[in-house]
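Make a model of the complete structure from these sequences and hints.
2 protein chains.
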Amino acid sequence: MTGLCGAGDAACGNAFVRRPRICWVGLADDRRRALDQPEARAKHHNGEESISMPSAIEFTGSERGPWRVTHMEATTGTGLPEVACISVHLRNDNIESLSSASTDVTWRLRGAISNLRYATREEVAILRSLQASLDRPAATSAALIPIKKSQAWWDLAQDERRAIFEEDSQHTMIGLRYLPAIARRLHHSRDLGEPFDFLTWFEFAPEHEADFEALLKDLRSTREWTFVEREVDIRLSRSELD
Amino acid sequence: MTGLCGAGDAACGNAFVRRPRICWVGLADDRRRALDQPEARAKHHNGEESISMPSAIEFTGSERGPWRVTHMEATTGTGLPEVACISVHLRNDNIESLSSASTDVTWRLRGAISNLRYATREEVAILRSLQASLDRPAATSAALIPIKKSQAWWDLAQDERRAIFEEDSQHTMIGLRYLPAIARRLHHSRDLGEPFDFLTWFEFAPEHEADFEALLKDLRSTREWTFVEREVDIRLSRSELD
Numbered sequence: 001m002t003g004l005c006g007a008g009d010a011a012c013g014n015a016f017v018r019r020p021r022i023c024w025v026g027l028a029d030d031r032r033r034a035l036d037q038p039e040a041r042a043k044h045h046n047g048e049e050s051i052s053m054p055s056a057i058e059f060t061g062s063e064r065g066p067w068r069v070t071h072m073e074a075t076t077g078t079g080l081p082e083v084a085c086i087s088v089h090l091r092n093d094n095i096e097s098l099s100s101a102s103t104d105v106t107w108r109l110r111g112a113i114s115n116l117r118y119a120t121r122e123e124v125a126i127l128r129s130l131q132a133s134l135d136r137p138a139a140t141s142a143a144l145i146p147i148k149k150s151q152a153w154w155d156l157a158q159d160e161r162r163a164i165f166e167e168d169s170q171h172t173m174i175g176l177r178y179l180p181a182i183a184r185r186l187h188h189s190r191d192l193g194e195p196f197d198f199l200t201w202f203e204f205a206p207e208h209e210a211d212f213e214a215l216l217k218d219l220r221s222t223r224e225w226t227f228v229e230r231e232v233d234i235r236l237s238r239s240e241l242d
Numbered sequence: 001m002t003g004l005c006g007a008g009d010a011a012c013g014n015a016f017v018r019r020p021r022i023c024w025v026g027l028a029d030d031r032r033r034a035l036d037q038p039e040a041r042a043k044h045h046n047g048e049e050s051i052s053m054p055s056a057i058e059f060t061g062s063e064r065g066p067w068r069v070t071h072m073e074a075t076t077g078t079g080l081p082e083v084a085c086i087s088v089h090l091r092n093d094n095i096e097s098l099s100s101a102s103t104d105v106t107w108r109l110r111g112a113i114s115n116l117r118y119a120t121r122e123e124v125a126i127l128r129s130l131q132a133s134l135d136r137p138a139a140t141s142a143a144l145i146p147i148k149k150s151q152a153w154w155d156l157a158q159d160e161r162r163a164i165f166e167e168d169s170q171h172t173m174i175g176l177r178y179l180p181a182i183a184r185r186l187h188h189s190r191d192l193g194e195p196f197d198f199l200t201w202f203e204f205a206p207e208h209e210a211d212f213e214a215l216l217k218d219l220r221s222t223r224e225w226t227f228v229e230r231e232v233d234i235r236l237s238r239s240e241l242d
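Same order as they appear, the protein sequences are chains A and B.
Take the first sequence: its letter number 34 is residue 34 in our numbering, and every next letter is one higher.
Take the second sequence: its letter number 232 is residue 232 in our numbering, and every next letter is one higher.
Be careful, since some hints might not be right.
As the list claims (entries may be wrong) - Restraint-style ranges between C-beta atoms, simulated for each label pair:
no., chain 1, residue 1, chain 2, residue 2, range
1, A, Glu82, B, Arg136, 48 to 56 angstroms
2, A, Arg117, B, Glu213, 31 to 39 angstroms
3, B, Thr106, A, Ala205, 47 to 55 angstroms
4, A, Glu73, B, Glu213, 54 to 62 angstroms
What the hints assert, rightly or not - Short, incomplete list of chain A residues facing chain B, as computed with Cβ under 10 angstroms:
no., residue
5, Ser55
6, Ala56
7, Trp107
8, Ala112
9, Ile113
10, Leu116
11, Tyr118
12, Gln131
13, Ala132
14, Gln158
15, Arg190
16, Leu192
What the hints assert, rightly or not - Partial chain A-side listing against chain B, Cβ under 7 angstroms, derived:
no., residue
17, Arg121
18, Ser169
19, Asp191
20, Pro195
Bear in mind the hints are in silico, worked out from the structure with no lab data behind them.
Cβ atoms here follow ideal geometry from the backbone N, Cα and C, with glycine treated the same way.
The structure is reproduced here in structure tokens:
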């Protein structure tokens, strides 16, 4: 599982790397930073030059890449082929613009950074006041957890899904308990016809691993999780910032 | 604007046509019918062989195709290049599986048939009891209306969008008034990085054109529509069923 993963340019197999350390491919730093901060985006609407949302993201599993896989396990349903490393490719563009780079990957998972689907204004305000940004130097641990929910979930009406998601399962409130230690971002894949509905991504410092385990335990014990029919838990590590 | 549009095989430029009359490409009839009937899909969840949702759809504008363009107008914002005909391609598959067929098209717009985002259980029940299916022999008129909403809309929280969509604008209730005369289906494009957020599709008999105009007038007068920053109104006609 050690493979050729690493922090440097040489270890990252993608030709379009702008930030070799974590391999957010294809986006200038200022735009990428803005994508991590929803409140910054909100200033750009109404005809002024705006950051076109959502952006497409692709996670690739292969023998090379900045994130080394430390553990990989199918929590529910079918797993994914084992890989040594994972790369993250982000494009502020059409989903088709992805997939054009390296071809020597074992699998690709794609998603979109989209709008929130359940959070109320009050919850959004709390989330934004507490949220942690991705790409923090100390956050050398990460997890990629692709999730697929059942058709029964998607057949529910919006008010039923919301009730299970928050009033019953307290999904947002559980996440808040672990902020700002655990930074997270959700990527939507279902409309793209991908094998998973969501690609959840978490970043944290190694000393917060117990917190992360607690977060997962809390989420997996909810009623919402009874609708999860496929989940793969991929733990990752990278070198400290150069 | 007459072009080579038509109802027969010869007029439809796509090589994979199964139902030349309306050119729902790539899906067997039984599966396509099931896609039009959400309540039929609900029987298939939980591990039994299920119809994988959502499906990808592509509308192409060109000189050939089963739907003849009778009128095309940019209602808000920038229009689309004029075309003589429109074809509808539906795939129960990954969005990438589209776009592989004909290349002589002026533009392509893609979307996903996805879950409802605002409707409550009560509204879903009413919708399903009244809904009209697509592809009715008498429904020889159609409209394709691509819509893009502003960043201000997408920056709203879910409860704020729902309040504008239904409690304020009565989007679902307006649509109900015109059922079953006006059949409609919404396609989601935003997560695909497309130029529009939605591709709305309507089918009706020519004698219901006044109803359709009234439906559009009602919707466009709502507060929800103040968030629409681009809308193209494309009216279509096809021959009667063979």
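Just pull the numbers of the violated hints for me, sorted ascending. The structure breaks hints 7, 12, 13, 18, 20; every other hint is satisfied.
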